[in-house]
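If you want the building blocks of each chain, they are given just below.
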Amino acid sequence: MIRKNLSLPDLAATICDACKRNGIDVVLSGGACVSIYTENKYESFDLDFVLLSHVRRKMIRPVLEALGFHEDGRHFRHPDTPYIVEFLSPPLSVSGEPVREIHKIHRGKMILRLLSPTDCVKDRLAAFYHWNDRPSLDQALMVCKDIPVDLREVRRWSMSEGMKDKFELFKEALSGSGSR
Amino acid sequence: MLEPLFESESKEKALLYVYTHGESYPREIAKSLGLHVNTVQYQLLKLEGGGVLYSKLKGRIRLFGFNPRYAFKKELSALLAKALTFVPEEELNLLYRPRMRPRRTGKPLS
Numbered sequence: 001m002i003r004k005n006l007s008l009p010d011l012a013a014t015i016c017d018a019c020k021r022n023g024i025d026v027v028l029s030g031g032a033c034v035s036i037y038t039e040n041k042y043e044s045f046d047l048d049f050v051l052l053s054h055v056r057r058k059m060i061r062p063v064l065e066a067l068g069f070h071e072d073g074r075h076f077r078h079p080d081t082p083y084i085v086e087f088l089s090p091p092l093s094v095s096g097e098p099v100r101e102i103h104k105i106h107r108g109k110m111i112l113r114l115l116s117p118t119d120c121v122k123d124r125l126a127a128f129y130h131w132n133d134r135p136s137l138d139q140a141l142m143v144c145k146d147i148p149v150d151l152r153e154v155r156r157w158s159m160s161e162g163m164k165d166k167f168e169l170f171k172e173a174l175s176g177s178g179s180r
Numbered sequence: 001m002l003e004p005l006f007e008s009e010s011k012e013k014a015l016l017y018v019y020t021h022g023e024s025y026p027r028e029i030a031k032s033l034g035l036h037v038n039t040v041q042y043q044l045l046k047l048e049g050g051g052v053l054y055s056k057l058k059g060r061i062r063l064f065g066f067n068p069r070y071a072f073k074k075e076l077s078a079l080l081a082k083a084l085t086f087v088p089e090e091e092l093n094l095l096y097r098p099r100m101r102p103r104r105t106g107k108p109l110s
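Heads up: the protein sequence lines correspond to chains A and B, in order.
This note's numbering numbers the first residue of the first sequence as 1 and each following residue consecutively.
This note's numbering numbers the first residue of the second sequence as 1 and each following residue consecutively.
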């Protein structure tokens, strides 16, 4: 059950596992993945789960309510945790490309499915590329610093997004940040 | 035109409006298209929920625009661009060809 001080990976795994047991496949994306990969150096309180197939809201609601969450508009909140849970429509993608490989983290008997470190970096860079969001660039750099990332793949994807110049900015910032 | 796909004329029109204007807000769209603001708001929120549009607050106005991170943005843009070629010229000029260049304060509209 959800209790106070439950860590982000444990909470996310609990939700992911409950959904899976009810036939709902979800993958954690967004800032929460950055938090997990940087061990909370960047702190996100948004748990954004992408649905892998279309699921009606009325199917999701009882799963979350059984965990003690209540619906608040588009989100779900829990009295014992500051995290806000949201379910995003499929497809699971980073901009124009589908996500093919889903990363798994085992938490006890539960499995958390989330974006891989490489897709997490692409996801953050997408916000920097398309919205000029500097904090997202910083988050991408933080992940690269803390965990191995396939930079050749990030480069290939950046080119397909037509973002050569901004990828160079990212690479320049990365070479100054001492990535792994 | 795309109503069989979108299942709603107001959704199609609102999408075309946002596509051609870059960003807009429900009241402006509703006024331009002669639709009820609640209808437009409902469609925009649904499209935002599906990841097609983004929204952001500017002052007290919530602006909606095409989400550049939407997986099918390129393909949807192509579809809407094609749909626009079927819009009668008069309607196109009136609704979907906005003046984008700035106009100095106080200069009368010609």
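One or more hints might be untrue.
[To be verified] The following residues of chain B were derived to be distant from chain A, with all beta-carbon distances above 10 angstroms:
| # | residue |
| --- | --- |
| 1 | Pro4 |
| 2 | Leu5 |
| 3 | Ser8 |
| 4 | Glu9 |
| 5 | Glu28 |
| 6 | Val37 |
| 7 | Asn38 |
| 8 | Lys74 |
| 9 | Leu80 |
| 10 | Lys82 |
| 11 | Met100 |
| 12 | Arg103 |
[Claimed, not checked] Example chain A residues on the side facing chain B (calculated, C-beta under 10 angstroms, incomplete):
| # | residue |
| --- | --- |
| 13 | Thr38 |
| 14 | Tyr42 |
| 15 | Ser44 |
| 16 | Pro90 |
| 17 | Trp131 |
None of these hints come from the bench; they were simulated from the model.
Where is the CB? At the ideal position from N, CA and C, for every residue including glycine.
Going down the list of hints, with the structure as the test:
Every Cβ of chain A is farther than 10 angstroms from the Cβ of Pro4(B); the closest lies at roughly 19 angstroms, confirming the non-interface assignment. Every CB of chain A lies more than 10 angstroms from the CB of Leu5(B), the least distance being 16 angstroms, so the non-interface label holds. With a closest Cβ-Cβ approach of about 17 angstroms to chain A, Ser8(B) is found to remain outside the 10 angstroms limit, as its non-interface label requires. A cut-off of 10 angstroms between C-beta atoms confirms that Glu9(B) is not in contact with chain A; the least separation is 22 angstroms.
Residue-level check passed: Glu28(B) sits 22 angstroms from the nearest beta carbon of chain A, beyond 10 angstroms. Look at Val37(B): its CB is around 20 angstroms from the nearest CB on chain A, clear of 10 angstroms, so calling it non-interface holds up. Distance to chain A confirms Asn38(B) as a non-interface residue, since its nearest Cβ pair spans about 17 angstroms, more than 10 angstroms. Its closest Cβ contact with chain A, about 6 angstroms, brings Lys74(B) to no more than 10 angstroms, contrary to its assignment away from the interface.
Residue-level check passed: Leu80(B) sits 16 angstroms from the nearest beta carbon of chain A, beyond 10 angstroms. Chain A leaves Lys82(B) outside its interface by the beta-carbon criterion, the shortest separation being 19 angstroms against a cut-off of 10 angstroms. At roughly 20 angstroms from the closest C-beta of chain A, the C-beta of Met100(B) stays outside 10 angstroms, upholding its exclusion from the interface. Interface exclusion of Arg103(B) from chain A stands, the closest Cβ pair being 26 angstroms apart, more than 10 angstroms.
Interface hint at Thr38(A): violated, since its Cβ lies 22 angstroms from the closest Cβ of chain B, which is beyond the 10 angstroms cut-off. Using the Cβ-Cβ criterion of 10 angstroms, the hint placing Tyr42(A) at the interface with chain B is not satisfied: the shortest such distance is roughly 19 angstroms. At its closest, the beta carbon of Ser44(A) sits 17 angstroms from a beta carbon of chain B; the interface hint therefore is violated under the 10 angstroms criterion. The criterion of a C-beta within 10 angstroms of any C-beta in chain B is met by Pro90(A), whose closest approach is roughly 9 angstroms, and the hint holds.
The beta carbon of Trp131(A) comes within 7 angstroms of a beta carbon in chain B, closer than 10 angstroms, and the hint placing it at the interface holds.
Violated hints, listed in ascending order, are 8, 13, 14 and 15; each of the other numbered hints is respected by the structure.
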